Amino acid sequence: MRLLLVEDEPDIQNFLKSSLTEAGYQVDAAADGKTAERLVIDGQFDILIVDLGLPDQDGISLILKLRQLGVRAPVLILSARRSVDDRVRGLEQGGDDYLTKPFALAELLARLRNLIKRNSPPGAEAIRLRVLDLELDLLRREATRSGQLLQLTPQEFVLLEYLCRNAGRVVTRSMILDQVWGMRIQPDTNVVDVHIYRLRGKVDGPGQQPMIRTLRGVGYVLKDR
Amino acid sequence: MSSKTAKPVMHSAAWRISLWATLAFACGTMLVFAFLHRFVADDIQRRSDAWLSGEVEVLGDVAERTPKDALYDRVVGEVAELAGKEVPNKLLSESSSNDSVFFLQTGGDGSRQLWVGAGDGEPTLKAIQAVKIVSNHPTDLHVQGFGVPFRVASIRLDDGSYIYLGLSERDELRVLRSLRLRFFLLWLLIVLFGFGIVFFTTRRMLSHVRKIGEAASRIGHSDLTARVPTTQKHDEVSNLALTLNHMLDRIESSMHQLHTITDSLAHDLRSPLTAIRGKLEMSLSAVMQVEQAEPIVSAIEELDRLTDFLNKSLDVAEAKADALRLNRVALDLDELLRIMIDLYEPSMSEKGLQIRLQSGGPLTIEADAALLHRMVANLFDNELKHLPPACSVTIRLSVEDDAASLILDDDGPGFDPEVCLHLFERRVKGRDSNGHGLGLAFIDAVARAHGGTVAASNRESGGARIIVALPLASNQGYQSPVPAI
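These protein sequence lines are chains A and B, in that order. Just so we're aligned, residue 1 is where the first sequence starts under the numbering used here, counting upward by one. Just so we're aligned, residue 226 is where the second sequence starts under the numbering used here, counting upward by one.
The shape of chain A in the complex, shown without the other chains:
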C-alpha cells in the first residue's frame, strides 16, 4: 500500500512517517506542493495524506491540481484550522475525509482504512462477524459468546459491532463517538467509558477470557488473539 504524505512540519512528518511505516504503509513524504506534484507524476499512490497549511500553496488547491493530474486515490486532509472550510466539506462529499490536528494516531489509521475500504470494489457484505468465540448476527442483531446469547441493547450491539469490525486495532473515544453515535464531540466526562464498561460486563462474563481491553490515554481494543 503506497502512501503519499504531504506535510511541512518536520516533527509531524517524522512521527507520521515512522508510525505509518510501522502500520505497514510504504510512505513517501513531501514537505510542499511542488514536491508532491513531482512524486505523483513519478509514481502511483493508493492513498494520500495532505496537510492544508503548506508553505507554497493551499492544500485544497494542491488536491484539485492532483485530481487534474489524474490522481484517483482517496485523500485524507489534515487541518490545523479552526473550522472546517466549506471546500473541505465539498471534498469530503467527493469521497475524501478530514481530520483536525491534534489527532490520535489510532484515529488516523482508522480513517485511512475506511478510505481505502470505501475506494475498493465492494465485496459481499458479511452478515456474520466472528472474533474468537464472539459471534455477531448482523441481520438478527444478536450476539453470542461461546454459544451463549448476550442480552445487548440495540446501541450496545452497534458498539460491539464497531469493535468487532476493528478487532485487534485500537479505537479511540472520539472514533467511537463519531462512528457509533454520529457526532464529533469531546465530552470531558467518562460517557464512553461507562458504555464500554457495561458492554464489557456483558461480553466478558466471569471465568471467560477478557476480550475488551482498555489502553489508557489511547482507547480500546477488542482482542482477536
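No wet-lab data here; the hints were simulated from the structure. Since we're looking at a predicted model, the values are computed, not measured. Wrong hints could be hidden among the right ones.
Stated by the list, open to error - Here are some of the chain B residues that sit facing chain A, going by a computed Cβ distance under 7 Å:
no., residue
1, His262
2, Phe264
3, Thr499
4, Arg502
5, Gly503
6, Ile525
7, Asp567
8, Ser572
9, Leu609
10, Pro613
Claimed, not checked - Derived contacts from chain A toward chain B, CB cut-off under 7 Å, selection only:
no., residue
11, Ala23
12, Gly24
13, Pro55
14, Ile185
15, Arg216
Glycine residues also receive a C-beta, built at the ideal position from the N, C-alpha and C atoms.
Go by the hints and put chain B onto chain A.
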C-alpha cells in the same frame, strides 16, 4: 419576508408621507381659493351695486321728468323693463318674465304707485316697509317667496315718492356656485393626481431604502460577503447604500483579521500539539510496563484537555465577536436529544442520576450540527459533573414564539449565588468546579451565533434551570423587522 411585504399599504411610510404632503397641499390650495372666491364675490357685488346705483338714478331722473299723466306708468315702466334687460352677470333667460329685477315706486305714505316685475309686488312692498332702506345705498332684502335675497337701491324723488330698484342675487350666486363647483372638481383632480405622484415617487425611493434594509438584515453573523444594492443615481439613498457598504467592508476586513488571528493562533498551537501527541503515542507503544506508561498516558490526557480548552476558547472568543462561522443544516432537536440521552444515560445512572425527556415529537431547526452537538454535550457534561447523587434532570423541548425552547431542570444544589450573575462569562465557575469555566460561556456563544438565547437561574423549588431558545428558521434570529414602505 412574505409576512412583512404583505402588510397593508396604509402602514407604509410612503403612504404617510404622501398623505401629509397632500393634506398640506389641499389645505393650501383651499385657502388660496377661499381668498379668490371672496375677491370675486366682492367684485361681482361691487359691479352690481354700481349698476343698481346708476340705474336707480337714471330711473329717478326719468320719473321726475316724465309728466304725471296717463302715460307716466307706461313710460317709466318700459324704461324700468329695458333697464332690467341689461342686468349684469345675467346667465339664463329661460323665462320670458323677468323675475330677477323689480322696479317699485312708492308714494310718500308708502303706498304702491308703480310696480314692474314678477307678481304683484305685494311681498316686496311689505319687505321694504319692514326694513329701513337708506337712500341710494344698495342693501340686501329678503322677500317672502323668493329663495335668494334681492339687492335693492333706492332714491327719493322731489315729490316725496321713492323709487326702488331690486336685483336678485340669484345670478350672482349661480356664477359663484359654478365657480366653486369647477374649482372643487379641478382641485379634487389635482389633489388626487398629486397624491398619486407623491405616493409613487416616495414609494419608489423608499423601496430602495427597504431593499437596503432587507439586504443589511440578511447580512448576518456568518455572511459578511453580501452587500446592499446600490443605484446609479447620486442621491441620499444611494449615498446611504454606499456608506453601508463601506462600513461592511471595514467590518468584513476586521472580521477577516479576527479569523486570521484565531486561525493562525490555532494553527501555531495545534501543530506542536500534534507533534507532541504523536511522540507521546509512539513512546507509549514502545513501553510495556504499566508504571512507565502511566505518566505518558496522563500527559496525553492533559494534552487532549488542553486541545479541547483551546477549541472552546477560540469558539467563545469568536462568538463574543459575533464571528462564529456556521454551517447550517436541518437538524431534528428531538432526535439529537434522544441520542445524547442514550449516550449520557449510563454515566448518569452510574452516578445515581436520572434523566428524562419531555418532547412533543420531532422539532427541526436550521443549525450547525457540530456546534449543537457540542453545546448539548456541554449541557449534559455540566449536569453530570455538578449534580450530587440521587438527583434528576428533566429536559423539556417545545416550540415557543417561533423558537425551539429547551428547558433543562435539575433538583440539585443550583448555581452558586456568587457566580449566578456572571454565569455566561468566560472563566466563571463555582468554587467546587474543576472545569475551566468555559462550559456555559460556550453554550451561550453557540446559542447567540444561531440567533438564540440562553438563560440560567435557580428554581424556587431548588435546583438549577437553563433555558436555551433557538430560532426555528435561520434568518429569524438576527433579522431586524423591516417595515413595509
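Cross-check of the supplied hints:
Nearest Cβ of chain A to the Cβ of B:His262: about 73 Å, over the 7 Å cut. The hint is violated. At about 77 Å, the closest approach between the beta carbon of B:Phe264 and any beta carbon in chain A exceeds 7 Å, and the interface hint on this residue is violated. Restraint check, B:Thr499 versus chain A: the minimum CB separation of about 4 Å is within 7 Å; hint holds. Checking B:Arg502 against chain A by beta carbon gives a least distance of about 5 Å; that is within 7 Å, so the hint holds.
The beta carbon of B:Gly503 is positioned within 7 Å of a beta carbon in chain A (closest approach about 4 Å), and the interface hint is therefore held. With a cut of 7 Å, the hint placing B:Ile525 at the interface with chain A holds, because the nearest CB-to-CB distance is about 4 Å. About 6 Å separates the beta-carbon of B:Asp567 from the nearest beta-carbon of chain A, less than 7 Å, and the hint is met. This hint holds: B:Ser572 has a C-beta 4 Å from the nearest C-beta of chain A, less than the 7 Å allowed.
This hint holds: B:Leu609 has a C-beta 5 Å from the nearest C-beta of chain A, less than the 7 Å allowed. The closest approach between the C-beta of B:Pro613 and any C-beta of chain A is roughly 15 Å, which is over the 7 Å cut-off, so the hint fails. Interface restraint check for A:Ala23: the shortest CB-CB distance to chain B comes to about 11 Å, outside 7 Å, so the restraint is violated. The criterion of a C-beta within 7 Å of any C-beta in chain B is not met by A:Gly24, whose closest approach is roughly 14 Å, and the hint is violated.
Given hint, A:Pro55 at the interface with chain B, is violated; its Cβ is 13 Å from that chain's nearest Cβ, farther than 7 Å. A hinted interface residue such as A:Ile185 counts as satisfied when its beta carbon comes closer than 7 Å to some beta carbon of chain B; here the least separation is about 5 Å, so the hint holds. For A:Arg216, the suggested interface contact is upheld, since its CB lies about 4 Å from the closest CB of chain B, less than 7 Å.
The structure shown violates the earlier hints numbered 1, 2, 10, 11, 12 and 13.
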